[in-house]
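Number of protein chains: 2
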Amino acid sequence: MTLKNDRFLRALRRQPVDQTPVWMMRQAGRYLPEYRETRKRGKDFMTLCQTPELACEVTLQPLARYPLDAAILFSDILTIPDAMGLGLSFTEGEGPRFQHPVRTHADIKKLAVPDPHDNLRYVMDAVTLIRQELAGSVPLIGFSGSPWTLATYMVEGGTTKNFSRVKGLMFEQPQAMHQLLDTLAQSVIAYLKAQIEAGVQAVMVFDTWGGILTSRDYLEFSLPYMQKIVKGIEGVPVILFTKDGNEWLEEIAATGCDAVGLDWKLPIGSARTRIGDKVALQGNMDPCILYASPERIRQEVADILKSFGQGSGHIFNLGHGIHPQVDPEHVAVFIDAVHELSAPYHG
Amino acid sequence: MTLKNDRFLRALRRQPVDQTPVWMMRQAGRYLPEYRETRKRGKDFMTLCQTPELACEVTLQPLARYPLDAAILFSDILTIPDAMGLGLSFTEGEGPRFQHPVRTHADIKKLAVPDPHDNLRYVMDAVTLIRQELAGSVPLIGFSGSPWTLATYMVEGGTTKNFSRVKGLMFEQPQAMHQLLDTLAQSVIAYLKAQIEAGVQAVMVFDTWGGILTSRDYLEFSLPYMQKIVKGIEGVPVILFTKDGNEWLEEIAATGCDAVGLDWKLPIGSARTRIGDKVALQGNMDPCILYASPERIRQEVADILKSFGQGSGHIFNLGHGIHPQVDPEHVAVFIDAVHELSAPYHG
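Top to bottom, those sequences are chains A and B.
For the first sequence, this note's numbering begins at 1 and goes up steadily by one.
For the second sequence, this note's numbering begins at 348 and goes up steadily by one.
Honestly, the hints are just simulated from the structure, not real lab data.
In this text, a Cβ means the ideal position worked out from N, Cα and C, and glycines have one as well.
Take the hints with a grain of salt, since some may be wrong.
Just so you have them, the derived chain A footprint on chain B, three or more residues with Cβ under 8 Å [claimed, not checked]:
1) 363-372
2) 385-396
3) 430-438
Heads up, simulated DSS-like pairs for lysine-lysine below, C-alpha to C-alpha not over 25 Å straight-line [claimed, not checked]:
4) A:Lys-243 x B:Lys-508
5) A:Lys-243 x B:Lys-575
6) B:Lys-456 x A:Lys-161
7) B:Lys-456 x B:Lys-575
8) B:Lys-590 x A:Lys-161
9) B:Lys-575 x B:Lys-540
10) B:Lys-456 x B:Lys-590
11) A:Lys-243 x A:Lys-228
12) A:Lys-243 x A:Lys-278
13) A:Lys-110 x A:Lys-228
14) A:Lys-193 x A:Lys-243
15) B:Lys-590 x B:Lys-625
Label-pair ranges, simulated between beta-carbon atoms [said to hold, decoys possible]:
16) B:Asp-624 x A:Arg-36: 50 to 58 Å
17) A:Ser-293 x B:Lys-457: 55 to 63 Å
18) A:Asp-277 x B:Arg-450: 40 to 48 Å
19) A:Asp-118 x B:Glu-384: 48 to 56 Å
20) B:His-464 x A:Glu-34: 55 to 63 Å
21) B:Gln-446 x A:Arg-216: 42 to 50 Å
22) B:Ala-411 x A:Asp-115: 53 to 61 Å
23) A:Glu-34 x B:Lys-457: 38 to 46 Å
24) B:Ser-617 x A:Gln-325: 33 to 41 Å
Based on the provided sequences and hints, a complete structural model is requested.
Right, here's the structure in full:
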């Protein structure tokens, strides 16, 4: 099926576009009143993820409001460890919890790569349904957490401030950690391949916690497993995003990925100078700008477009997920500003 | 009075030393059972800070256990806003809270620079007492939060995940934010000058939240106010530490400070190549290494010493405060390893 709007995919391949494409991390989320309504109908957050009709509904909500250039599957990064039997639940305000965290080498040895068509079938069903509903309007992005990021949650058993358990295991039993990461990389590859078969047209790997590592440990415990994923995926573009990972942009770009996601800390022009001839760049507006006035939002969009400069290879996004308290009207201003103000930089 | 151990001050001036000096951020803290005992005797955390005898007692506790090369005043970075009348309290597990947060330009206009000899006298009394008790054994470090970091707590009213209020104010009313930061810079200068008069022999400015800013905003809203402080302080060395600030090491070093604190993400050898001929470097072991075995801890110390290389100008430290769950025996291994393994790099 030919896409009606293929700006996002063209920018990923650094082919000419008429306007810079834009989407937002967590665009289907709590800042939207209609999301909060649907959420009430699901028992809890995981029910929303596991019910294809509900996941489809919330995936499409931001697209009904805004002229976004891509949809992203509504799901959670922790579906894989849940499918491995760790028993995922979400408590309001406290985040994810695993009933059976992974703490020892023996725990790690017991883990098997989940068959994505079995325990994760609900994700593939959601993808199929969303593709039908999108009817070729814009492409659909699939995603997964990075092996290191999944490992942090699996070992800690939930969110953490200090990462003491996962780093303790990494420092003390590096071989056990490598075994865990290898199992996770295989699982992510199988999972993303199944998403692609079901219809996603690009995939993104979220390395939320790579940025808490020293350079040495990032290059040993996080990046190589993302590289495995890049090599294991065929047929669709791959975006890698390590939050707080600006020190390693060159190494991330060298994995063979198609695009690098950027947080807001670095001017995108500097990132383009460093790696923008090898890959596309996705980012990188500070999500807090959306609390400011429409004028200030437009100014920020203009500054970032100017920083990136002429030509294709930029997918506009926030540098992090949109916050739940943002005014949906401000999002409209943001999305329109990207399209309107980017036209002069193309063609 | 001549110091019995002046390694710390000599390393700050990049003068020859026999061994690399070492101290730890939060070395007087919850990982020590004797600290938890003293803590029980104070009503709460602020009582501990505000009672010179108790503050002195906990300051000296880690020095009784370990051959540390410096003491650091036991206090909190939020004493200044408290002295401004914001009403600081600490709730167990939730961190600091201000009863009267600063939200509007009118709130900001009402703020006055606190006289350090008035509402903050308890800090100076603690300094005098600690100096007496140290009796010239090792130097005493004084400190303050950076203006930007203080502003984040004052505007948010406590700890935050998104920094939406303080960034909202910064984006929407930059002039009001500059006025707040200017008042805070003046307050920090007066506060640190009073600490120096009372006896501290070096000062450190903690910019805990500078690292959440874009480069543009860090260089406008955080760094210039730390530079003001550096220019306003005389007679003792100044250490600047921006957590997650590795992108701006050159700019931090160019403020005229004597040393730059490093978190653990960058190899210290890379930091030395970038700025180590201008300033001393303090850091930068990942605090999570202290969860590993004694052998692993010694290995990490050896790696960091090797990364820094030959000569003076390194003050060994963690890249962040020591965690409350660390085994005090592991700290002993760490401190001893720094002294023992660093000797070959000197003289």
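Right, here's what the structure says about each hint:
no.	hint	verdict
1	363-372	violated (count 0)
2	385-396	violated (count 0)
3	430-438	violated (count 0)
4	A:Lys-243 x B:Lys-508	15 Å, holds
5	A:Lys-243 x B:Lys-575	31 Å, violated
6	B:Lys-456 x A:Lys-161	36 Å, violated
7	B:Lys-456 x B:Lys-575	20 Å, holds
8	B:Lys-590 x A:Lys-161	15 Å, holds
9	B:Lys-575 x B:Lys-540	13 Å, holds
10	B:Lys-456 x B:Lys-590	29 Å, violated
11	A:Lys-243 x A:Lys-228	19 Å, holds
12	A:Lys-243 x A:Lys-278	20 Å, holds
13	A:Lys-110 x A:Lys-228	22 Å, holds
14	A:Lys-193 x A:Lys-243	24 Å, holds
15	B:Lys-590 x B:Lys-625	20 Å, holds
16	B:Asp-624 x A:Arg-36: 50 to 58 Å	56 Å, holds
17	A:Ser-293 x B:Lys-457: 55 to 63 Å	25 Å, violated
18	A:Asp-277 x B:Arg-450: 40 to 48 Å	45 Å, holds
19	A:Asp-118 x B:Glu-384: 48 to 56 Å	54 Å, holds
20	B:His-464 x A:Glu-34: 55 to 63 Å	58 Å, holds
21	B:Gln-446 x A:Arg-216: 42 to 50 Å	44 Å, holds
22	B:Ala-411 x A:Asp-115: 53 to 61 Å	58 Å, holds
23	A:Glu-34 x B:Lys-457: 38 to 46 Å	42 Å, holds
24	B:Ser-617 x A:Gln-325: 33 to 41 Å	38 Å, holds
In the structure shown, a violation is registered for the earlier hints numbered 1, 2, 3, 5, 6, 10, 17, in ascending order.
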